[in-house]
Amino acid sequence: MPVYYLEIIVVALGLLMLMIDAFVKLEDKRVIAWIGMLGLAVVFVLLFRVEWPESTDGAFWQFYSSGDQMALYFKGIAVLTTLIVLIMAADLSPLVVEQTASPAPGAHRQAGLGEFFALPMFTCAGLMWMASANNLVSIFVSLELVTVSFYIMVAYLRRNVGSLEAGVKYLILGALSTGFLVYGFAWLFGITGSMDLGEIAAALAAPDMNPTAALFSFALILVAVAFKVGAVPFHFWIPDVYQGAPTPITAFLSVGSKAAGFIVFLRLAQPFLSSGALAEKVTLVLGALAALTLIVGNLTALPQKNFKRLLAYSGIAHSGFLLMALASAPTAATANALTPATVIAFYLGAYLLMTLLAFLVMSTMRQRVVSEDIDAYRGLFKSSPFLAVTLLIAMASLAGIPLTAGFFGKFFVFKLAVEQEQWFLIVVGLVGAAAGFYYYLKVAASMFLEDPKASAGGDLAVPIGAVTRIAMILLIIAIFAAGVYPNLILGLLR
Amino acid sequence: MDVNTIAWILLLLPLLVAAMILLGLKRWSGLSALLSTGSALLTLVLAAMLAAGGSDAEIRSFPWIDLGQDTFQVEIGMTVDSLARGMMLVVTFVGFLVHLFSLGYMRDDRGKSRYFAGLSLFMFSMTGIVLANNFVMMFIFWELVGVSSYILIGHWYQKASAADAAKKAFLTNRIGDFGFMIGILLVWILTGSIYFDEIEAAVGGVTNMTLLNAAALCVFCGAIGKSAQVPLHVWLPDAMEGPTPVSALIHAATMVAAGVFMLARVVFLIEAADMAATVIAWIGAVTALLAALMALQQNDIKRILAYSTVSQLGYMIMAQGLGSGGTDAGMFHLYTHAFFKALLFLGAGAVIYACHHQQDIWKMGGLRRKMPITFATFAIGAAALVAVPFTSGFWSKEAILEAALREGMIGPYVLAMIVAFLTPFYMTRLLMVAFLGGTRSDDTENAEEVGPVMWVPLALLAFMALFSAYGLLAGPLLARGQADVGHLFGSFGLTATLSMLGLIAGVAAAYFLYRGKKEEPLRIRVLARKFYLDEIYIALVRIFQDGVAAFLDVVDRYVLDPAITRFPAMSAMSAGRFLRVFQVGNVQAYAFFFGVAVVVLIYFLVL
Amino acid sequence: MESALTLNHFLFVSGLLFAIGLAGVLVRRNLIVIFMCLELMLSAANLTLVAFSRFNLVGGEPAYDGHVLIFFIITVAAAEVAVGLAIIVALFRSRHTTDATKINTMKH
Amino acid sequence: MTFLFYIFSALALIGGVGVVVYRNPVSAAFSLVVSFLGLAALFIQLNAFLVGILQILVYAGAIMVLFLFIIMLMDVPREERKRLPYFGLAGAGAVVLAFVALLIEVLKRTEAGSARFMPVDTPGGPGTSDVHRIGELLFGHYSFPVQVIAVLLLVATVGVVVLSKKELK
Amino acid sequence: MSLIEIIVLLPLLAALTIALGAPARLTALGSSVVVLVLSLFAALNFRFQVEGAFQFESSRSLIDAAGMPEISLAFGLDGISLVLLLLSAIVLVAAVLVSPRENAIVGSSRLYYLSLLLIGGGAIGAFCSTDLFFLYAFHELALIPTFLMIGLFGRGENRVRTAWTVTIYLSIGSLVLLVGLLMAVVALGGSTFAIADLAALARSPETGIAAERQTWIFFLLLVGFGILVSLFPFHGWAAPAYSDAPIPVAMLHAGVLKKFGVYGLIRIALPFAPAGAEALLNLVLVLLLGNIIYLGLVTVAQKRLDRMLGYSSVMHMGYIFLGIAAGNKLGLAGAVLLMFAHGISIALLFALAGSIRERFGTLEFAKLGGLAANAPRLGLLFGFAAFAAAGLPGFANFAAEINVFFGGFADAEGSLGWLQWTTIIALWGVVISAVYMLRAYRSIFYGPAPAKLQSKADLAWPAALPVLILLVALISVGFVPELLNQYIRHALDGFFLVTPG
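Residue numbers (our numbering), protein chains in the order written: chain A, 43 to 536; chain B, 407 to 1013; chain C, 7 to 114; chain D, 85 to 253; chain E, 545 to 1045.
Please keep in mind that the hints were generated in silico from the structure rather than gathered at the bench.
Note that this is a predicted model, so its numbers are computed, not measured.
Treat the hints with caution; some may be incorrect.
Lysine-lysine pairs mimicking DSS-like chemistry, simulated, CA-CA at most 30 Å apart [to be verified]:
| # | chain 1 | residue 1 | chain 2 | residue 2 |
| --- | --- | --- | --- | --- |
| 1 | A | K67 | C | K108 |
| 2 | B | K432 | B | K518 |
| 3 | C | K108 | A | K323 |
| 4 | E | K911 | E | K847 |
| 5 | E | K847 | B | K432 |
| 6 | C | K108 | A | K495 |
| 7 | C | K113 | A | K67 |
| 8 | C | K113 | D | K249 |
| 9 | A | K323 | A | K495 |
| 10 | A | K323 | D | K192 |
| 11 | D | K249 | A | K67 |
| 12 | E | K996 | B | K565 |
| 13 | A | K347 | A | K424 |
| 14 | E | K911 | B | K565 |
| 15 | A | K424 | A | K484 |
| 16 | B | K769 | B | K518 |
| 17 | C | K108 | D | K192 |
| 18 | B | K432 | E | K996 |
| 19 | A | K323 | A | K424 |
| 20 | E | K847 | E | K996 |
| 21 | E | K996 | B | K923 |
| 22 | B | K923 | B | K769 |
| 23 | B | K518 | E | K847 |
| 24 | B | K769 | B | K565 |
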């Protein structure tokens, strides 16, 4: 099956869901979500069945990179993320309804739920397009598709002040970054006279290229991409938006949009890194960005009390590690040295597993406990051990305990950094990782070592939906499997 | 039986017994006591056979630690030569008698079986020392005798004094062993071997004399600890807290003599290191003198004997310091001393036993009539100790003094002479106060003679105390030259005269001073308080060990740990708190940071 | 058509416009106005694009790819405005304010 | 020609400044329209006729109308005259000025920038305008991004519908 | 599934089954005993005639992506790791035996035994791994279980704080370690993580690491491993950890897990960066004296048995480092033997301390006394343990220390260098350890017993079983060091010997 069917299928799925929402009388609209999950599962399977066309002439392939395993991999990430986001959304549907449905007479009691399930599908399509966008135009449009849909989903709970506030913040800053992106694109186009990344790379490598303008455009573009992946100092939106947004959307942001952001980052940075005249300064800047991100992300997470914000900062911290990998791009490709692309891809794969696991637990808890403070999880091990252990595993992996997927990620990053002798980054990374041990285990500590709050009492015994439970178990298995047998993920990159 | 098997049985039998008692026989204390005593008898017989056999043997057996010939190898091996044979005989003989005596003395003690297990363990360790053919093995058993003495001194562990004494003894010895180990290591790097025979062969080739002297002195440290020489003598008097038979066996006859034996074993080393030799001789002499002085003012019968032991050990060490010239004399004195001092202690034990564990001589008196046998034997022992002519003690002491003179060690010689006057003085004091005159306390009022199981050993030892120096008996003991009357008249000279004068003077002085006294006529505080050495040592420990330790503990808790653990953690946390400040929640602020970052970025990249 | 104008003229103007937009975003309190300023920034970018595509000619004609990108930009901008205004309205409904400095309940 | 450029750019810039300074949102909106008109003129001066038209139609027309509509709808009060955040203003000013300074520096260094514009021959053949050309490109070469944009618009529509459902009190 | 894989994976599988609901104590006990038996079996089938490093090898490749380093789940035993495997197995069994029955545990007994198995299994895995990656990874396995064990089942009011300190401290250590290892691997080509291959690369002059890079690598490894071993300035976590942790954890940690650091230094730091070792020798000497003398004295100052034991175990690490610093066959052999001896003896002491607390409710010297009368069996066993720890002949510790000391002098040609002087000073530590051990024994078992301690609660034989197991191991090795020495010797013969500093 041709690869570009994938996105089409997903979009079609989204439309289908919208149609069902509009025209089919459903008692319980979660059916829509289940349809979506089913479809995405199918798409995920289809990912392994795609074939690349032998001839790639024709306009389409100028916007859609061909024969690109990496792109396929990131499509996979997008699909998987969306799938799990749908699961969470289904779990949390009562809350969504309560926050959105208008009490209009005759309106369906779950009005507005269908869209909540359908929108992620389009976002997913956008993410998938981003994954294989190799042209300024296609990058721009797919990126904007994702961004705009996120504006909507973040602000979705329109009776919830937090959600709206988050929406506004994301909107303003997002639009700002878009502005910079466009301006940067304009310059890049101007000095290279092309929209195609391949030609741009060639133009930048050319001797008569003007470094000042090139770097200027890079700076502008960097701003936008850094914003997407939440690199310091363009990270300020992350904690607030994560906190305000509906939990599933937070998960979606922190995994899907970050992953897509990173592959775009890779794609856009590549021409500059590969041009001899610019590589040095670019690497330096990326390094500085990485160091800042590591420090701010990890240290600011230390005193956090709100679990969602904690995860936000942890997300920033992980971007730091990813940037660290990006910043230690090999100047001269040696025999068995790692490449930033592989490392980042693997890291994001692992990051997906553990972050989504954490969010799954969180959304399950959210059904019973309103507060999102870490204190709300006190004594969870006593009341519902399964959730506690699951979250513990997620945290362990995020902290990078060996034999979990998370460790291999950090492991590769550090190896790459050592190979490129980025000593300063390594030191910063060490500090960051050490801090990470603290704030991740802090959650474990409150779950295992402390007694339940008198108020929360025993009713922490949270019911777990069947689908959710299965998803959790699968993720756990995946985390350990990938932590012992990294080929599981690396295999997908070949 | 060939030498090999005998040696093995000698070594392992006591261990076996100890183990058996420890593992199973604890409940049946009587049985274990008999078993232990029986094994002691058996070892005595074997030792006698060994001595009679008179054949030297070098037994190399299985490797204990083995890292290949080239690097390092320690074998459990044994040397059977005249020195070992003699020592073995003495050890087993005294050992057996002490076992016998203990059967009575400890008849109704709660920890009887523990006690006998300890004795057997001691016999094992001591045998090990005597037969060892290399330094490491000797060091091993060196430590083990320390343990067994720890166990036995602390036998009545619920008495705080006993518990402390045990601890003190072990630790003091450890300090000595610290030096000993260094010595062994030094010898090893100098001669490349730990086996006595190989060292003897190689020691001639050593060029680095300073290091050799250092090595010899360090080795000597072991002897200082074990044989209670100044400045490490303090533990021995306290060790009297243990049961009296133990004092007799370990702290008079055998273990404390181990130091002397060890020096005799490595005499070639002392020969090679003159400086060290001189030091050793002096230390021996000084010890003899100081101990004798301290003995003058003690009131506890066992303590008096203890100090006399220290003083006598001083003689022996001094003799070892004379090198090959004196080593035989030293060993000779060791043997004789073993007998008469064991005798004295067991006698004292009998007295104490009879007086319901009353040990203060001023509370005794008039025991001569109440326990005649004990008195007689005790008197004989005393006579030997003060070197009344023709007793065994006389010959051996003569030998040492002459050797000193011969080797031209005038200083030590003079000191030794002074001791030869002091010893009679305090022994006479002891005899008169404890045995003569009238009884001074009801403890002694109804004291009566002890039973045969206790006085038979006394009698045997008394016999040895008198005649052990004479050919027939001394034969198996001594390597070369032995005492006989002819020798005395043959070389009657300065030494003999002086020592006899000393003897007469000492006895006379003590006699007139203490005749019919009810309490101490002359009080010399500094001697009574043993030159305040204990106090000084305690102070030193308080300051240099406990003080420093407490200080370092505080440092560790409140300086090092915060500096290394808490401070970084806190700083990271506060850094985090600071960084949160930027998260003001206001979009425009964010946009502002955004803008600043952009400008900086562009500036950095473009310019 | 011969012209005395150089590329820099246009780049400078567009840059200034961009800067002005940025300034607006930074100083104005009213969300809607802020949003307008963002639009201003976008169209500044458009000017840059036009200038560049007019500058590097392809076969004697402007590089129309630039114009196409502008087309997309404008479309996206429209969509963005629609969504953005919707959000702002919703916020206004629940909070009765459009003051950017007043929406800071979530911080630190 | 140059003269016109200065006129129009002045128009655009002044309009922009107006947006920033007018306290009243409505006035701000109108000055934005002005600025857009100026921009459109500049576009046309650069032979970008279609883009110019679009700028006027879509921006000045549709979008600004939407803005005004919303402003009216909520009758947003003019920003109340509380004391200006001088500090913030200073900061913002500094940032913007720095940005401009850097821009100038960059422009100085791009030697291409100082080059004159080449004359353009009118789009190939009679009856073909740049509308024609862009149309071809858009629906020929660029058809894929157009599809994506379509999805984007769909999403936006759905979103707006969902977000601005009326609340019945 | 080869023998060694079973040995390594059994505890982990057992932990899993416990998590899934198997009877906790039974499973734990069964699996650990099986592991012990299997490791003894391995020891008996050790082939001495075979040259070369590892035996019982098994390997499964895990990464075969282009440009990726080759990492494989590889296990194997040489003399050294065999000795440590035995140590781990023995102590694990003892620890499980010592730990309370399910109904006596407050909180989840599953978690309790599961954590125990993870800690033990992690150690075993680390010692058996022949792949650098897993050598590191398995050790980390113990991190979180330790955290939970101390925090949940620990004693003392500030146990949670202790749990934090330990975890963060150790994790920082292992992070530094990770960088050091990566530097070493990368410097050696970065293509493989197989220890044997890396060692071979390091040995050959052309592929070996440049000298000044070696210094850095060794420094990082020293700090990293050092933190895990509580080397002098980084010892802050150890004593509180051991005094606050549940007894079995204290046994496993002080007895087994801690040895990982030293093992790593011998297995990795020395062969990979010999020049670095030489360059930093004096630093090591200073630090180990810090352990022996400074911490020895701190130990003397302790007022509670458990804290004292904690510090003493830290102190004795100094001797192992001394053996490593000596760097010659003798010293290394001593170090390895000492790892075993110290591991067993400290576990023994903690076990006994546990039963003392259990019976008499406190471990404060001031409150105890004269227990030898109340509990003679306990007194006897503790006496053995104390004397063993004080390095008395007849116990494994002595045999090991002798090796170390001779190792320290082995390379002195008739004159004293820094190493020798250090050894001499270190010897004083023997006196110090005797001081605190005898003081402890004196104040707990000797002397008059306080009135309220008159309870006659001696050690019952079932409770004494774990203690006896450990004691037997200690004494048999003490009498016949060759039991283990033969393995160590075999390993060291095939071992790239370091040129002594």
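Distance restraint between D:K249 and A:K67, which requires alpha-carbon spacing of 30 Å or less: 20 Å, holds
Hint consistency between A:K424 and A:K484 [alpha-carbon to alpha-carbon, up to 30 Å]: 17 Å, holds
Quickly compare the C-alpha distance for C:K108 and A:K323 to 30 Å and report which way the hint goes. 40 Å, violated
Has the given pair, E:K996 with B:K565, been kept, meaning a C-alpha gap of at most 30 Å? 18 Å, holds
C:K113 and A:K67 were given as a pair; does the straight-line alpha-carbon distance stay at or below 30 Å? Given pair C:K113, A:K67 is violated - Cα atoms ~42 Å apart, limit 30 Å.
Take a quick look at whether B:K769 and B:K565 sit within 30 Å of each other, Cα to Cα. Satisfied, since the Cα-Cα distance of roughly 22 Å is no more than 30 Å.
Regarding the pair C:K113 and D:K249, is the alpha-carbon distance no greater than 30 Å? 29 Å, holds
Given the hinted pair E:K996 and B:K923, is their alpha-carbon gap at most 30 Å? Violated: E:K996 and B:K923 sit about 48 Å apart, past 30 Å.
30 Å Cα cutoff - pair A:K67, C:K108: Distance of about 42 Å is beyond 30 Å: violated.
Distance restraint between E:K847 and B:K432, which requires alpha-carbon spacing of 30 Å or less: 33 Å, violated
Against the 30 Å threshold, does the CA-CA distance of A:K323 and A:K495 hold or violate the hint? 53 Å, violated
Taking only the CA atoms, is the gap from E:K847 to E:K996 under or equal to 30 Å? 20 Å, holds
The structure is inconsistent with the numbered hints 1, 3, 5, 6, 7, 9, 17, 19, 21, 23, although it conforms to all the rest.
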